[in-house]
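Asks: What follows is the residue order along each chain.
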Amino acid sequence: MNPTRKRRLIVLSLVLGAVGVAATLTVLALQQNITYLYTPVEVIAGKVPADARFRLGGMVKAGSIQRASDSLKTGFTVTDGDADMAVEYTGILPDLFREKQSVIATGRMQGGRFVASEVLAKHDENYVPRDVAEAMSKAHKKHEVNAPNAASQ
Amino acid sequence: MNPLVLWFHKLGSPPYFYRFAGRLLPWFWGAALAGLAIGLYGGLVLAPADYQQSDAFRIIYVHVPSAWMSLFIYAFMAVNGFIALVWRIKLSETLAMAAAPIGAAFTFICLATGSIWGKPMWGTWWTWDARLTSELVLLFLYLGVLGLHQAIEDRRQAARAAAFLALIGIVNLPIVHFSVNWWNTLHQGDTVKLFGPSLIDSRMLWPLLVMAVATKFLFAASLLSRARVDLLELESGKDWARQIALAEERA
Numbered sequence: 001m002n003p004t005r006k007r008r009l010i011v012l013s014l015v016l017g018a019v020g021v022a023a024t025l026t027v028l029a030l031q032q033n034i035t036y037l038y039t040p041v042e043v044i045a046g047k048v049p050a051d052a053r054f055r056l057g058g059m060v061k062a063g064s065i066q067r068a069s070d071s072l073k074t075g076f077t078v079t080d081g082d083a084d085m086a087v088e089y090t091g092i093l094p095d096l097f098r099e100k101q102s103v104i105a106t107g108r109m110q111g112g113r114f115v116a117s118e119v120l121a122k123h124d125e126n127y128v129p130r131d132v133a134e135a136m137s138k139a140h141k142k143h144e145v146n147a148p149n150a151a152s153q
Numbered sequence: 001m002n003p004l005v006l007w008f009h010k011l012g013s014p015p016y017f018y019r020f021a022g023r024l025l026p027w028f029w030g031a032a033l034a035g036l037a038i039g040l041y042g043g044l045v046l047a048p049a050d051y052q053q054s055d056a057f058r059i060i061y062v063h064v065p066s067a068w069m070s071l072f073i074y075a076f077m078a079v080n081g082f083i084a085l086v087w088r089i090k091l092s093e094t095l096a097m098a099a100a101p102i103g104a105a106f107t108f109i110c111l112a113t114g115s116i117w118g119k120p121m122w123g124t125w126w127t128w129d130a131r132l133t134s135e136l137v138l139l140f141l142y143l144g145v146l147g148l149h150q151a152i153e154d155r156r157q158a159a160r161a162a163a164f165l166a167l168i169g170i171v172n173l174p175i176v177h178f179s180v181n182w183w184n185t186l187h188q189g190d191t192v193k194l195f196g197p198s199l200i201d202s203r204m205l206w207p208l209l210v211m212a213v214a215t216k217f218l219f220a221a222s223l224l225s226r227a228r229v230d231l232l233e234l235e236s237g238k239d240w241a242r243q244i245a246l247a248e249e250r251a
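Protein chains in written order, with the working numbering: chain A, 1 to 153; chain B, 1 to 251.
By construction, these hints were calculated from the structure, which means they are not laboratory data. Glycine residues also receive a C-beta, built at the ideal position from the N, C-alpha and C atoms. Be a bit skeptical, because a hint or two may be false.
Covered by chain A, according to a simulated footprint, are these stretches of chain B (three or more residues, beta-carbon under 8 Å) [said to hold, decoys possible]: (1) 10-24; (2) 52-62; (3) 186-195.
Given the sequences, and given the hints that come with them, work out the whole structure.
Replies: Shown next as structure tokens:
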């Protein structure tokens with residue numbers, strides 16, 4: 001390799017290395033700030049400043065959904081397996097919202113309850129055809145196992 | 001010299017590449033169109049509906065291959081940019097710059113289809129989570145490379161400046177890919193895994209893989225077509241380009 005090319009190769013590799021290190025440090029520094037959501041256990045541990053607007057993520061607890069008969073108000077419990085949190089929301093819920101579904105609610109704490117202004121449903125990475133899902137839920141019922149992620153619709 | 005290395009050196013010469021790409025092109029276009037037809041038919045008709053999203057999940061057959069291509073093409077562009085900057089190979093400059101608009105198009109398709117899917121499923125068109133934001137940054141990087149390439153008069157200088165930007169932007173690729181593992185995001189994690197079992201039924205998976213291969217061919221075909229035209233323009237004063245122009249005129 002001739003000296004000019006060698007010099008360019010070295011300079012470019014150094015620049016790339018420096019940019020890589022800078023990006024890694026930025027990503028590490030932003031680890032906290034880029035956190036898209038907090039789980040109930042983190043909220044209870046006090047990781048969220050009081051009065052802050054934040055996103056709460058977790059699963060809708062089975063049997064916890066209560067709809068008001070005269071308005072769009074819905075109450076449900078979000079759980080991460082370790083802790084539960086009561087959530088209150090007034091508005092239209094997304095199609096995927098149901099029991100045992102991962103949801104992300106945006107809002108703030110008001111006296112121990114999380115009052116959400118927006119509720120988004122999170123889709124998981126599993127894609128299952130309907131017949132397989134039905135067969136799975138039948139098998140689960142037969143053996144009295146709880147279906148994972150509400151396989152029955 | 002080793003025959004393979006010799007062939008590689010020959011390929012770097014614009015007239016040789018022009019003829020070589022011309023011979024490959026019909027095959028690449030054919031493979032791309034056949035693959036897209038099979039993949040789309042398999043995905044939109046043959047694959048069974050998802051148990052919770054029903055038919056809406058079928059957007060995966062456009063969204064996911066486009067997302068893969070947006071990353072793949074960026075890596076291709078950056079590697080060619082690196083070669084262009086160190087070895088000043090004209091062909092690498094041309095290939096890097098010809099890849100940019102194709103990559104930008106795939107990135108845009110990925111963002112648009114994701115948004116269309118997100119509204120009914122998540123309940124929102126857009127959210128600033130790490131995956132969506134880093135993919136948007138990728139689109140801006142592509143547009144920046146294109147803009148910089150257009151902004152400088154001298155074509156070769158322009159290509160090298162844009163290649164440098166493309167090269168720096170490569171740090172974004174691991175961020176896009178691993179964002180769903182590093183942070184809590186609304187976007188789900190990887191369904192199709194290179195190592196270990198994929199989290200999708202095999203009847204749904206095969207059209208997705210066909211689409212992934214078909215989009216590679218689509219990229220190769222449109223890249224070679226664009227690169228041939230760019231090379232002719234770049235070398236318009238040279239003998240070989242003039243001969244091709246004359247032959248076209250006679251035909």
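Asks: Now, for every hint given, state plainly whether the structure supports it.
Replies: Hints, verified against the model:
Note: the stretch 10-24 of chain B has 0 residues with beta-carbon separation from chain A under 8 Å; the three-residue rule is not met and the coverage is violated. Taking a C-beta to C-beta cut-off of 8 Å, the stretch 52-62 of chain B contributes 5 residues in contact with chain A, enough for the three needed, and the coverage statement holds. Residue count for the stretch 186-195 of chain B with a Cβ under 8 Å from a Cβ of chain A: 5. That meets the three needed, and the coverage hint holds.
Hint 1 from the list above is the single one not met by this structure.
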